[in-house]
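Student: Sequence order for the protein chains is V and D.
Letter 4 of the first sequence, counting from 1, is numbered 4 in UniProt numbering, and no numbers are missing.
Letter 112 of the second sequence, counting from 1, is numbered 112 in UniProt numbering, and no numbers are missing.
Calculated from the structure, these hints are not laboratory results.
A couple of the hints might just be wrong.
So, partial list: chain D residues that the calculated Cβ filter (under 10 Å) puts toward chain V [stated by the list, open to error]:
1) 12
2) 15
3) 25
4) 31
5) 44
6) 47
7) 52
8) 55
9) 74
10) 75
11) 87
12) 89
13) 108
14) 110
15) 111
16) 130
Keep in mind the model is a prediction, meaning the values are calculated, not measured.
Glycine included, C-beta positions come from ideal geometry on N, C-alpha and C.
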Amino acid sequence: METFSSLADGFVIALTWQNLLLALLGCFLGTMMGALPGLGPSNGVAILIPLAFTLGLGATPSLILLTSVYYGAMYGGRISSILLNIPGDEPAMMTCLDGYPMAQQGRAGEALSLSGIASFVGAFLATWGLILLAPQLVKIALLFGPAEYFALFTLAFATLGGVASSNQAKTAFAAALGIGLATVGVDTQTGVPRFTFGEVHLYDGIDFLVAIVGLFALSEVFLFLEHRHGDSDAKGSKVVIGRLMPSWAVVKSCIPTMLRTSFLGFLAGVLPGAGASLGSFIAYTFEKKLVDKEGTFGKGDPRGVAAPEAGNNAAAGGALVPMLALGVPGSGTTAVLLAVLLALNITPGPLLFTQQPEVVWGLIAALFIANFMLLAMNIPMIGLFTRVLLIPPRILMPIVAMVSFVGIYGISGSTFDLMVMVGFGVMGWVLRKLDVPLVPIILGTLLGNAMENNLRRAITIRNGDWTALIDSPLSIGLWSLAAIGFILPIVVGRFVKARMRRMAKDEEGSIVD
Amino acid sequence: MSDRIFGAVGLLLALGYAWSALVIEESFLSDAVGPKAFPYIIAAVLALASLAIILRPDAAPHWPTLPRLLEVAAAIVVMLLYANLLPVLGFVFATALAATYLTWRLGTAPISSAVSGCLTSVGIYAVFHLVLGLSLAKGPLGF
Numbered sequence: 001m002e003t004f005s006s007l008a009d010g011f012v013i014a015l016t017w018q019n020l021l022l023a024l025l026g027c028f029l030g031t032m033m034g035a036l037p038g039l040g041p042s043n044g045v046a047i048l049i050p051l052a053f054t055l056g057l058g059a060t061p062s063l064i065l066l067t068s069v070y071y072g073a074m075y076g077g078r079i080s081s082i083l084l085n086i087p088g089d090e091p092a093m094m095t096c097l098d099g100y101p102m103a104q105q106g107r108a109g110e111a112l113s114l115s116g117i118a119s120f121v122g123a124f125l126a127t128w129g130l131i132l133l134a135p136q137l138v139k140i141a142l143l144f145g146p147a148e149y150f151a152l153f154t155l156a157f158a159t160l161g162g163v164a165s166s167n168q169a170k171t172a173f174a175a176a177l178g179i180g181l182a183t184v185g186v187d188t189q190t191g192v193p194r195f196t197f198g199e200v201h202l203y204d205g206i207d208f209l210v211a212i213v214g215l216f217a218l219s220e221v222f223l224f225l226e227h228r229h230g231d232s233d234a235k236g237s238k239v240v241i242g243r244l245m246p247s248w249a250v251v252k253s254c255i256p257t258m259l260r261t262s263f264l265g266f267l268a269g270v271l272p273g274a275g276a277s278l279g280s281f282i283a284y285t286f287e288k289k290l291v292d293k294e295g296t297f298g299k300g301d302p303r304g305v306a307a308p309e310a311g312n313n314a315a316a317g318g319a320l321v322p323m324l325a326l327g328v329p330g331s332g333t334t335a336v337l338l339a340v341l342l343a344l345n346i347t348p349g350p351l352l353f354t355q356q357p358e359v360v361w362g363l364i365a366a367l368f369i370a371n372f373m374l375l376a377m378n379i380p381m382i383g384l385f386t387r388v389l390l391i392p393p394r395i396l397m398p399i400v401a402m403v404s405f406v407g408i409y410g411i412s413g414s415t416f417d418l419m420v421m422v423g424f425g426v427m428g429w430v431l432r433k434l435d436v437p438l439v440p441i442i443l444g445t446l447l448g449n450a451m452e453n454n455l456r457r458a459i460t461i462r463n464g465d466w467t468a469l470i471d472s473p474l475s476i477g478l479w480s481l482a483a484i485g486f487i488l489p490i491v492v493g494r495f496v497k498a499r500m501r502r503m504a505k506d507e508e509g510s511i512v513d
Numbered sequence: 001m002s003d004r005i006f007g008a009v010g011l012l013l014a015l016g017y018a019w020s021a022l023v024i025e026e027s028f029l030s031d032a033v034g035p036k037a038f039p040y041i042i043a044a045v046l047a048l049a050s051l052a053i054i055l056r057p058d059a060a061p062h063w064p065t066l067p068r069l070l071e072v073a074a075a076i077v078v079m080l081l082y083a084n085l086l087p088v089l090g091f092v093f094a095t096a097l098a099a100t101y102l103t104w105r106l107g108t109a110p111i112s113s114a115v116s117g118c119l120t121s122v123g124i125y126a127v128f129h130l131v132l133g134l135s136l137a138k139g140p141l142g143f
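With the hints as constraints, model all of the structure from the sequences given.
Tutor: Next comes the structure, spelled out in structure tokens:
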């Protein structure tokens, strides 16, 4: 009951005009960013963080804006999957399999609204899951001391590559690089400068916002310059949308699918290292195994559209659970959201629920509101978003680059930070070419300091005894999970990833002939 | 081969990082761990990961041809110039120039690029400065 009264308080906070408008703006921008191929949820949120700052918004309003963008982008990713067979973001990859065939049969409108409904169901149920699960997790997290936190951070990094990771060495490299970047600057405990090379600008460390915007947004611009995506222009105009509302019979046939896959997706989101991409993959394969008796999956089966969309939106909600309750994000975009929280001087974790309940519950209420807004936006106004796909990347990418510069300059007003950002952009480009994941770098720059502080606290309490790290059953459990989480993908990772790829390819092949 | 070079660079980076950690001047007031231990751990992880990448490299990525590479290099130079010229030229001019260049290089005709670049610049100025009140770089003309 306590939960419901907190939730009611949350709604009181979220239901102000300013917050409603921000949620609306966030949903709209998020859906657009999700729809545009190349700009995923992480990029979308990264570009808008500086905006939230420079608007001088408080903690709760900024979070409302940015999580609406997050949910919006998860909704939007399906649009280009269905219409162009190009996933708007990685989690929307599985939606191509049945969405595009439906569009080719002239049922694009139906696929779009059905996937909109599925996204709604997934996100709605996941938000309930968040409400029920997060406070329980907080109770466990209150038992954590510095040693357990250090183990938890290690666990987060070890599992970040995810089950689908094919090269754990590169994930480890990225995490170490990020943590290394975090150590630049004056050491908080002893006050000595580290790795600054006498450069005064580096004394307060590298701003993680600069790193995030550079790595995500600018590297995207470089990738476009390299490939010069001129040929992907304006394909959307050829697609016939068709009737907009699916018949009740179709929706009804998808309801069990949506419920099942929402649950699966939520689980995938909560578990570290799985994330939304895997959520939609598991959801799709599970449904295919379970209900695909006539072999219609991959040929435009509505259930094949509903499954991955419910799955990935539920995973998006699920990923917020560890982020809010433990301060350890479960996916790339929640890592970026964590950056927002940290920059707003809010430390997520168990204490957040007791000390600043208004932030948590205001946010959760806003998620519900954003969900209804997105449902309303994504069904009747879908035509508007399909128009967005007509903006050619050659016009769009320069705007993205310029907005990134404006955002960073607006925060710091320093040319030095802009140069560092360009540096990160180049680094991001090279690393993406080499298939090194960027998310661990971001997470490293975000959590590096907290990780080091917990390590030093744990050992200082015990007067320099390093065995303090493995002294409690809880921390031993976390270390073992970390070890399993790191080693497991080496064994099964190649298999899972190859299967995801093969499936996407097979279905593409069957479309062609 | 790309991965082997990458691993070697990573190894050098790890060594450099460890060496910079070694020369950190410790203050007389220090906790039991000190400012060096954690960087050593990170350097070790970095080095091990680099070694693993050298020993088991992935297939080489598709690197762009020289002209495309120059294209990216030119864009980097333009962005660095933009960062430095921003306080000199003012936001509107600098942004219009940079946006025009990028739009042009992404395959738009020169005149359309100039139009698009100016619109981008003025549009961002209007939204971020005039509507949202963000302080942008002021040039000699005040905008």
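Student: For every hint, state whether the structure bears it out.
Tutor: Checked hints:
1. 12: With a minimum Cβ separation of about 13 Å from chain V (threshold 10 Å), the hint on residue 12 of chain D is violated.
2. 15: Violated - the Cβ of residue 15 of chain D stays beyond 10 Å from chain V, reaching only about 12 Å at its closest.
3. 25: 6 Å, holds
4. 31: 5 Å, holds
5. 44: 9 Å, holds
6. 47: With Cβ-Cβ at 9 Å, under 10 Å, it holds.
7. 52: 4 Å, holds
8. 55: Since chain V brings a Cβ to about 9 Å from residue 55 of chain D, closer than 10 Å, the hint holds.
9. 74: 9 Å, holds
10. 75: Since chain V brings a Cβ to about 5 Å from residue 75 of chain D, closer than 10 Å, the hint holds.
11. 87: Holds, because the Cβ-Cβ distance from residue 87 of chain D to chain V comes to roughly 7 Å (cut-off 10 Å).
12. 89: Hint violated; residue 89 of chain D Cβ to chain V Cβ min 12 Å, cut 10 Å.
13. 108: 5 Å, holds
14. 110: Not OK, violated: residue 110 of chain D not within 10 Å of chain V, min 13 Å.
15. 111: 14 Å, violated
16. 130: 13 Å, violated
Of the hints listed earlier, those the structure fails to meet are numbers 1, 2, 12, 14, 15, 16, in rising order.
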